[in-house]
Amino acid sequence: TQLLKQSPQFLSIQEGENLTVYCNSSSVFSSLQWYRQEPGEGPVLLVTVVTGGEVKKLKRLTFQFGDARKDSSLHITAAQPGDTGLYLCASGGSYIPTFGRGTSLIVHP
Amino acid sequence: GAGVSQSPSNKVTEKGKDVELRCDPISGHTALYWYRQSLGQGLEFLIYFQGNSAPDKSGLPSDRFSAERTGGSVSTLTIQRTQQEDSAVYLCASSRSGDLTYEQYFGPGTRLTVT
Chain A
8 TQLLKQSPQF LSIQEGENLT VYCNSSSVFS SLQWYRQEPG EGPVLLVTVV TGGEVKKLKR
68 LTFQFGDARK DSSLHITAAQ PGDTGLYLCA SGGSYIPTFG RGTSLIVHP
Chain B
716 GAGVSQSPSN KVTEKGKDVE LRCDPISGHT ALYWYRQSLG QGLEFLIYFQ GNSAPDKSGL
776 PSDRFSAERT GGSVSTLTIQ RTQQEDSAVY LCASSRSGDL TYEQYFGPGT RLTVT
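If you read the protein sequences in the order shown, they are chains A and B.
Those letters in the first sequence? Residues 8 to 116, per the working numbering, in order.
Those letters in the second sequence? Residues 716 to 830, per the working numbering, in order.
You may find that some hints are simply not true.
[As the list claims (entries may be wrong)] Some chain A residues flagged as far from chain B (calculated, every beta-carbon gap over 12 angstroms):
| no. | residue |
| --- | --- |
| 1 | GLN21 |
| 2 | TYR29 |
| 3 | GLY59 |
| 4 | GLY60 |
| 5 | VAL62 |
| 6 | ASP78 |
| 7 | HIS82 |
| 8 | GLN87 |
| 9 | THR105 |
| 10 | ILE113 |
| 11 | HIS115 |
| 12 | PRO116 |
[Claimed, not checked] Rough simulated footprint, nothing fancy, chain A against chain B, three-plus residues with beta-carbon under 8 angstroms:
| no. | region |
| --- | --- |
| 13 | 760-772 |
| 14 | 821-829 |
Keep in mind the hints are simulated off the structure, nothing from the lab.
Ideal Cβ positions, reconstructed from N, Cα and C, are used throughout, including at glycine.
Extracted from the complex, chain B is given alone in its bound form (with noise of 0.2 angstroms):
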């Protein structure tokens, strides 16, 4: 079956713009997640969707920093006014239920660069 998917894989964008990143979880997963990583560091925890709901955002680094989750699936992450430090790979994930002994699937990232 399908992965975790997302989109694009890469995003050159100018310091200012908004982005939105895209992920299509894999299907019946309820639960999903947003990371970031940079060159160097672990993941950082971003935000963690259970169904639309999304119990806790206190991961997001700024509130330039937005996500929403649709019908249970698609989620889209949005950054406005992008800096140079969001410069990052953003990684989604997707899991059968929010509790951390089920796996969290990976998708592929999206390696953003900011100039």
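Pulled out of the complex, with its shape left as it was, chain A reads as follows (with noise of 0.2 angstroms):
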């Protein structure tokens, strides 16, 4: 079973700071997943990564693959309220999914 970990598990900041999440693995994976989960709701999924390297960016989040595939970021500018909850990576490429615990973050107004 592949692990995921991510750092830090909570994290509360001010609205208007940045922050980044991380996602680590010992494991290679073909892509990874993030979602954002928020409470009595289930995960939406935000982002896939499939290419070491690979950068993607949803407004003012920004996602970074691994060069060696094994790791991911989300960095998030000018946080807002609205970014509030848990942020799960996921990895891909086998049809037994594996969830990292989360980071939990609260954005105060």
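Two chains, two separate frames, one set of hints: put the complex together.
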């Protein structure tokens, strides 16, 4: 079983601050997905990264897949209260998905 | 179009009772997944269906757990003789294919509380 480690586990910041969360593994992935989960809801896919070194941007969110395809990062610029939620990374390329434990982000107005 | 729906949204049951959780996937999605999410834990994979078949049941935590899918659509997860440690949110997701480069669409989950 591939193990995905996410850090930090919790993050509490003020509106307007920047932040980066990480997803690391000792295994190589063919693809990696980032999800955001809000309380009482299921996770919603934000992005899938496939190519080593790939960078994808989604408004104020920037996702990067490591060159060796073992790690990924999510950077949020000028965080807003609407960014509050649990950010999960998940491995792809296998029919048995593995999720990290997530980073719980709270953005205070 | 309609997303993934799950019922009930909340279920409180007494220890030892059986419960059935239902998942209605997005129409046309061949892959269906069940997960369990406990407080402070990540999503624990339980079982995956491709069509009506479950190629891998190794994620089911014990023989008290079973799942079926009929008509390539609705799935039910059954927990027999529930225990307090079964308390969690049970999430269902569907996907166009079992290839995980495709997006999984999640339902809102069923919160199970065993008293």
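Hints, verified against the model:
Residue-level check passed: A/GLN21 sits 24 angstroms from the nearest beta carbon of chain B, beyond 12 angstroms. Every CB of chain B is more than 12 angstroms from the CB of A/TYR29 (nearest about 15 angstroms), matching its label as outside the interface. With a cut of 12 angstroms on Cβ distances, A/GLY59 stays outside the contact zone with chain B, its closest approach being about 15 angstroms. Every C-beta of chain B lies more than 12 angstroms from that of A/GLY60, the closest at about 17 angstroms, which supports listing it as non-interface.
Every CB of chain B is more than 12 angstroms from the CB of A/VAL62 (nearest about 18 angstroms), matching its label as outside the interface. Every Cβ of chain B is farther than 12 angstroms from the Cβ of A/ASP78; the closest lies at roughly 17 angstroms, confirming the non-interface assignment. Taking the minimum C-beta to C-beta distance to chain B, about 21 angstroms, the non-interface status of A/HIS82 holds against the 12 angstroms cut. A cut-off of 12 angstroms between C-beta atoms confirms that A/GLN87 is not in contact with chain B; the least separation is 23 angstroms.
At the 12 angstroms boundary, the C-beta of A/THR105 falls inside the reach of chain B, the nearest C-beta of that chain being 7 angstroms off. At roughly 15 angstroms from the closest C-beta of chain B, the C-beta of A/ILE113 stays outside 12 angstroms, upholding its exclusion from the interface. Every CB of chain B lies more than 12 angstroms from the CB of A/HIS115, the least distance being 21 angstroms, so the non-interface label holds. Distance check on A/PRO116: its Cβ is at least 25 angstroms (rounded) from any Cβ of chain B, clearing the 12 angstroms threshold; non-interface status holds.
Residues of the region 760-772 of chain B lying with their CB closer than 8 angstroms to a CB of chain A number 5, which satisfies the three-residue condition for coverage. Coverage of the region 821-829 of chain B by chain A holds. Counting CB-CB distances below 8 angstroms, 4 residues qualify, and the rule asks for three or more.
Of the numbered hints given earlier, the model fails hint 9 alone.
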